[in-house]
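Since each chain comes alone in its own frame, lean on the hints to assemble the complex.
Those protein sequences? They're chains A and B, same order as listed. Each residue of the first sequence is one higher than the last, beginning at 837 in this note's numbering. Each residue of the second sequence is one higher than the last, beginning at 19 in this note's numbering.
Be aware that one or more of the hints could be misleading.
[Unchecked claim] Just a few of them, taken from the derived set where beta-carbon distance is under 8 Å, the chain A residues facing chain B:
1. Gly1062
2. Arg1126
3. Gln1128
4. Leu1190
5. Ala1191
[Said to hold, decoys possible] Which residues of chain A face chain B? A few of them, derived with a C-beta cut under 7 Å, are:
6. Tyr1119
7. Ile1122
8. Leu1123
9. Trp1125
Hints are computed from structural coordinates only; laboratory data are not their basis. Quick reminder that beta carbons are idealized off the backbone N, C-alpha and C, glycines included.
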Amino acid sequence: MLKALVFLPVLGAAVVAVLPLRALALWRIALAFTLLVLGYAFWLASGFDAAGPAIQFFESQPWNVRLGSHFALGVDGISLAMVLLAAALTLVAVLVSRRMETGARLYFTLVLLLESAMFGVFTARDWSLFYVFWEATLIPLFFLIDRLGGRNRQRAALNFFLYTLGGSVFMLVALLFLYDAAPGHSFAMADMAEGGRSLPLNVQLLIFAGLFIGFGVKMPVFPLHGWLPLAHVEAPSPVSILLSGVLLKMGAYGLIRAAETLPAALLATQDWLAALAFISLLYGGILAWRQQDLKAMVAYSSISHMGIVLLGIATLNVTGLTGAVMQMVAHGLTAATLFLVVGLLYQRTHSRDLADYGTLAGGAPRFAFFTAFALLAALGLPGSAGFIAELHALIGGYARWGFWVTLVGVAMLVGAAYSLRVIGRLCLRGLPPAGVADMTRTETLAAGLLGAAIVVLGVWPAPLLGLVAGSVDRIGRLFGA
Amino acid sequence: MNGVLSRLPDFVWLVPGLPLAAAAVTAARVLLGRARGDDGEPPTARLAEIAALGGLVLLLAIDVKALLAGAPGHRVTGVWLPGGEWEGTLSFLLDALSLASATTAALVGWLVTRFSAAYLHREAGFHRFFIVLGAFLAGIQLVFLSGNGLLAFVGWELCGATSFLLIGYAWQRPVATGNALFAFATNRAGDAGFMLGLGLAAAWLGSFEWPALTGGLLPAVTARILAVGFVVAALAKSAQLPFTPWIARALEGPTPSSAIFYGSIMVHAGVFLLLRLHPLFAQVPDVLAGILIAGALTAAYAWLVGLVQTDVKSALVFATVFQIGLMFVAIGLGWTTLATVHLCLHALWRAWQFLLAPSWLALTEAPPKPAPAWLRRRQWLYTAALQRFWLDRLAFALLARPTESFARDVRGFEAHFVDPTLGEAGRGRPRGSAPPLVSADGVPGRLLARAAEVLQRVEIHLSLRGRGGAAERLLRQGGAWLRTVENLLEQPRYLMMAVMATFVVIL
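Next comes chain B alone, as it looks inside the complex (with noise of 0.2 Å):
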């Protein structure tokens, strides 16, 4: 017994493995056609809550061996790839705060799947929605237990991916496919930041690992700009300033999906990454300071902009936002415990109000309490908080609007400058005398078709086969000249005087 407990946590893998490999099987049964109907439906969402249960017993397991014993630490289960200056390793960091936030997410995961059974029947989407479900368990876990920023941002990618996919469930409708590119597009700029913050890590530290990230002294520069690219990322995900808007708009999805996202885990996980890289911050107290600026100001907007929400999820959604306003305020702070219970209890009970909120009408028998007095009576407070600081607007104006005039230029030049020159598919024609589906277009296409026509002339000089080949004329030529020689040998005169000659030679 004591020895299975020890081996443990060389097991973790399977935490994120079992909710992939269930997405796997399922994928699999909708590919063959097995899961179709009423019939196939428990399966898949038996599947994923075994998967979600294994995974939140197992965790459960290590805590209580990491309570007895102490946290098992940062261990590499394994190389996943070689290379030169720097390797990316399967290893894990289990800690105090790693294991928490991953039980935390694994309950909710667990629980969420649960709710989704029945909450989904008879959607056109249900295998789509457990597929991409354990996708999603996959990824956060990843976040939250791997050892090195490679492998944690494979679980964020495969968030951020999910995430995109679950707000545009109901494709069919041009609204949630268009705020899902939203959100993915603005996801894309946190993820930027990552893979800055990891890049340079490999380039300066050699390592992913996240103890060599947080455990030595870096110099003043190398530390802030690594810590920039983290934040940037951290902020991006966890939708604070600039970043808020596109949280409002994920809400498109199903709502056990909106649940899990935006109400409890994966929004935490910039908050997370925060604390898993506090040690390296705390180097930069600048860095720090915007932390808590960025915390402070989104807190104070996401309370704003909540006080005149009229729909449930939009409410809930903007309160989670200064929830976690705050927690990037004690972190900023230093206060990394209280932030790690503060996320721990937030995701649990959010998750709770998220998967109320459709009943929640029925729950509450009187009206909701209006915006406050004090804002009523400030008229441009008001409008501004009705708006959301116009932060869409913003975006679209100084962002989206330029890069597409910007786009729509380039694509003039491409067609009038570019596309000639390099040549387009269909508008080729055979070039010289090369036959007719031989065709070429734009300047390497002439130039080849030129270097082709030169060669198969040398060609047809060069080997035997051709009609006139030049070395054909000559062989030709010299088997005549052999021919008449040997004529000439034939008859006697010149027999004997080849035998004459001959002797000659030997005597």
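Chain A with its partners taken away, still in its complex shape (with noise of 0.2 Å):
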């Protein structure tokens, strides 16, 4: 069934780019199938039984018996979100570019074979499978970037290639190193965790660290995010909208994968991670603040955001990691709804530079509003799904490390001066107006459906909770929480 969902889109691809049709019939074929592979997820999600055993939809089959890995697909209730996330995602991107002018078979195809990849990685149940699909999201996302992006598009795409293909060289090495010294020679997620548990403290050090690079590079922690402000910020919009909205989500994934793998590295490294977590959180927060490009400053609040999936990681209690799921959701749909409306201000405008633009209030009434709509979500204002995960990871945070958490709080005042300073040009009135057109109708319908799932979330929280408690608490339940 999973090897349905993943290649799915795989077909759509096909289809797209072998089809001899105008940029509009190419957008109609792309919708149909990302809309055919959400319902599909969404089915998928419906038979997923929460209390159920730990993995689900699971099939393997011997992939290279004398290496010992297998093609096995399978989900829990964390990666199943991450499908969700992805499939709700594509979706938006695909939607949001109609009025794609060029390259519109190359985008399309891209986009759809980037969907497959994601599912891949999110699914996998081996680590040579994991990383066989963690590579593949380069290779679209490479020539996406390097096509179709902005002006520095092709730095932007080397620097993003390089980086991250650095850090997962570091994965794989530290996955052979796993692989050698755990016993059974076996590349399946279960028998590596068994394997990796019984490993002495420096042995799963070592590893971790490897593993660590490979996702924090991704996620991104502070000295490793030199790719993100200018891959984000010159890849087209809906790109973006990936980008930030499921790529990163994949180092925090893999992350949590590496501590189901490596509990007593984690353990012992617990208090260095939250470190990191603080300091990705200010620094990405502070830069922010610095950018007047407002792409720029979007990208490096993704840093600051993403810092509190880390600390809700490294809180390696029941209440921190479900913080830290529940901020993989919600940024993903923040930054989603963020890189949107900047996507299509820049699409209207051809700048990003904030002092560019005059006010939107009064010329382009839904522009405005879900430009405000979007970084009061981010700011994670109650009633939006960030505010429930913030409070999940300050609560877990707490817990572990008393006051420290203020720091976070820190971040969120930053966030607010930033978010309020572009409210305040954008959606008040005062300046004169930008005389941009407003959003069209699929436009609308896009960011809708981001705002009404952030919404929604925020307030009603309970399904997305109960998806994920059961593989939150088996994750809590190594650590002793």
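Take a look at the structure:
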């Protein structure tokens, strides 16, 4: 069943690549496929039993018997949440690309391929397969940025590629190390987790260091974030949506999987991870405040928000981990909304500089509304999904580090400063009107979908919390919480 | 039939729920622009009427059941706010006291609603009046019927807010809005007492339920502090001394609202609260004595002031306060049944009088009686009664004016010291090399700007993108070296050497 989910977008990509049609028809086909995939993902989720076994819909075939690798797919609550997020955001990324002028065929093909690779990462139950899909996300992204990006696109694409590849080399080495150290010589996640848990602490630490570099680049964590601002700024906006909405979550997701495999190493480095999380939080927030380029601002704010995810993971207790998973979903949705709005603004004005805009309030009310909404949701205002996430992470963090978590509050204040600056500039009257066309129907629909998801999860988070509760509990139990 | 009757008390939430729903529907109609003109009035009025009647019928049915089979008592319908130490429940306490008061309130509410439909015809705020009236009926029924302090407080506040809105019904007149504010501010003092009581109940007893508050024997100090909080709330709501002046100013609203709020129902909420918590007060005789004294003083005050009033509504409202003072006296003496009966009868009687007030001049042909001769003879007492013992003035001189001066001083401190330190909106300037829109002001702003400056430099050096960034320079240098090595390796002599070296290693 999961195989169908992973390869359905590939089929879509093939159809889009082959059929000799105009851009609009291609858009319709891509939209149909992403809708189908989202529906399928929801159908799968409805069959998921939150109280049932850890891994569901599991299927496994030997891939390379000599090496002990399997083509194994399966989902738990966390990966299912990520799959739903990826499916939803791909739909949004396709939905807003209706007015693609050039390169539509390439774009839709690559986006569908990317979706397939993302599904692969989130559903793989074998580390070798995980690695293959992990690398497979790079190829469509490289071309998406390199072919369709902004002015500095080639440098950004190369930069992104090198950074991530550099990170994943460490990850590969660590995985091979783990494969070698663990008895049984199998790449299956369950086997490796069993082997990894029995390793002595110093070996675990070494392996974890390699994995952390790989995942930390993707997440990104403070010193490893160099690729992000450039890539986010230069990528075409729908790709920025996927990049910050889903791709960053792959890093956090990998880290959670690593926590399952190497619990002793996580326990030993817990405080260091938290320190990195606090630094990322403040560093990203302050730099976001310093930017006048809207897209760069959103990019840096992503670093800040992913700091909350790392903080939640570092708590290693159930509340904190729940917060981390919630924040992954919440940030996926809010960052997507932000990039959507900023991207549409760029599409109309061909400028990303805040100083070049007038107010949106008079002429483009829908634009103004969604700009303000996205910025406030990114702040984690009560009633938005981010609030639930930050609250969980804060409570979990407070249990572990006490008043250090007030640093999160400082970061939120800085976040409020830059968000309100943009709102004051774009959404209130006082400046001359910007003279941009308001959002079209499809664009409003896409933003509305994201907005509805943010509000629904903010007001009624129970379904998502219930979905991930079982898996998070299982991880928490590894650490005696 | 028997089954329906026995399940009736489970539906008691409909009594406050129906008027609230009617208010919500009317509010939605106003928002959607459906309630306009003469045709818009009957649906609003009829809806409010049906809701009020529905509540009354339901209560009467419960009364019948209570008479036949005993009062249902305390029932928990659901949990509202699950908490660790305590929880807020949706509970109702249906006993003789609450059923009697609530039925009276529902009856008066229904009659006033019917009366208002004609009285307010073609008024600008017709729909607004019915929305607020519905909210008030819901609030007062919550006060009477709820089984815990928290839910009662919700109703209590709803009453306060709706009272504010109806006193300021004619918001175009500054007097009306000023009086609304006065009444509301005075009532907030009582709310503070209520909240104090509730907070202490949560902290000390771990529960808001009325039976928990009145059930057991409490330590003397605990009981006294709890009791004082609720007594302050009751004094303020029922306009007893020293809170009396607000009620004379509250008569700015339309007559039906004066009737139901200050004539008959809301003003009795304080009495009801005291009756509800009487077992608690019985544990602390000094508080009971305080209630007695406050009631007696208020009765004397209201009687004297009432003698010299020259307009119908003021005379009526001081008569009301006088009667309520007597109820306080009865409670202070422990005669709770008397106070309950007095409450219900007085509420009904006074509602009728207030509704009649506009026609009073037509009904009474003789001129009103002058103040009695003994009062006229004592000049100073007469003046004091006419001036309502200067309570208004005293409040202004002792409370309002010092607060104002204090606020002015604080504002000065803020303008000269706090604002420049914290930073003010619109006064920020870009600092350092920041782009023009990235502006900061005040100490935190400056700190943030400085931190941002440093971090931006770090960022440029750290990431590969900066022109001349350290990492990029290192990489370039490394690349150059590698290229040199590779060039050398391509030359035959070094290639041969490398091959030879490999052989040596292998051998």
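Hint check results:
no. : hint    : result
1   : Gly1062 : 3 Å, holds
2   : Arg1126 : 4 Å, holds
3   : Gln1128 : 4 Å, holds
4   : Leu1190 : 5 Å, holds
5   : Ala1191 : 5 Å, holds
6   : Tyr1119 : 6 Å, holds
7   : Ile1122 : 5 Å, holds
8   : Leu1123 : 6 Å, holds
9   : Trp1125 : 6 Å, holds
Checked against the numbered hints given earlier, this structure breaks none of them.
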